[in-house]
Each structure stands twice: as structure tokens, then as C-alpha cells.
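Participant: Can you build the whole structure from these sequences, using the hints too?
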Amino acid sequence: MSSDQAADWLITKYPIESADWGEALLLIPHRTWKRSDQKRLAKYYFKKLPFSGPRGYESFAAIMSIKLLLGCVAEAIPTEASRVELLLYYLIPALTGAAKNDSDRQLIRNFVMGL
1 MSSDQAADWL ITKYPIESAD WGEALLLIPH RTWKRSDQKR LAKYYFKKLP
51 FSGPRGYESF AAIMSIKLLL GCVAEAIPTE ASRVELLLYY LIPALTGAAK
101 NDSDRQLIRN FVMGL
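Residue 1 is where the sequence shown starts when you use this note's numbering, and the numbers rise one by one after that.
Mixed in with the good hints, there may be bad ones.
Cβ pair distances, simulated, as ranges [claimed, not checked]:
(1) N110 - K13: 18 to 26 Å
(2) A74 - G97: 17 to 25 Å
(3) K100 - K43: 21 to 29 Å
(4) L26 - L88: 18 to 26 Å
(5) P93 - Q5: 15 to 23 Å
(6) V112 - A19: 28 to 36 Å
(7) E85 - D8: 21 to 29 Å
(8) S103 - S18: 33 to 41 Å
(9) E17 - Q106: 31 to 39 Å
If you're looking for bench data, these hints aren't it; they were derived computationally from the structure. Even glycine gets a Cβ: it sits at the ideal position worked out from N, Cα and C.
Facilitator: Shown next, in the form of C-alpha cells:
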């Protein structure tokens, strides 16, 4: 199954309207995705931001560069302050754990300071 087909399958099998949509977050890190499919999956599942735990952020951090992940998160930032706080509570540790170098850590700092 190609990356594109697998992304289609996940979105069809685990739509964000379903009670078990979180299962997709468990499956995402278990394959290699094309960059375009990484973005497509992130944009789709990030409609549910903020996640109520770290799993979603960790799943996407495992397959995406920090820069790409932050770009996708930035497009889905909630407008309510309390929801932004919840997002950061789980997002920052996931990003910090996935950061590979000082450049990644600087991107994270700039993102957080910009909110």
C-alpha cells in the first residue's frame, strides 16, 4: 500500500467524527509517510487540537520534522487561551523529546514565544 493509499485508509477508517479516531494516532508512527501525506494527516487530525494527552503530538513528532510539525500546529492553534494552554502542556514535552539539534530547539522556543 502506498503512502497516499495508507493515508486515505486511515482517514476513512478513523474519521475525526468517530469515537475511535484516536486509534489512527497509534498507527501513524508505524510506517514511513511521504511528506505530503504527513502534512495531510496532520492537517486532518489537528482539527481536533488540542489533544487531551501527549499521544497525538508524539505520533506526529515521530514522523515529521520539528519545522513541519510546528507549521501544521500553527495552522490549527485554538483561539481560546485555555485551549492553547492545554495544547502547550502536552506539545512542548513531545517537541522537546523529538528535537534533534539546537536548530530544532530554537524553532520550538520561537514558536512558544510567538503565541
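Participant: Hint by hint, say whether it matches the structure.
Facilitator: Cross-check of the supplied hints:
| no. | hint | in the structure |
| --- | --- | --- |
| 1 | N110 - K13: 18 to 26 Å | violated, 36 Å |
| 2 | A74 - G97: 17 to 25 Å | holds, 20 Å |
| 3 | K100 - K43: 21 to 29 Å | holds, 23 Å |
| 4 | L26 - L88: 18 to 26 Å | holds, 23 Å |
| 5 | P93 - Q5: 15 to 23 Å | violated, 33 Å |
| 6 | V112 - A19: 28 to 36 Å | holds, 32 Å |
| 7 | E85 - D8: 21 to 29 Å | violated, 34 Å |
| 8 | S103 - S18: 33 to 41 Å | holds, 38 Å |
| 9 | E17 - Q106: 31 to 39 Å | holds, 37 Å |
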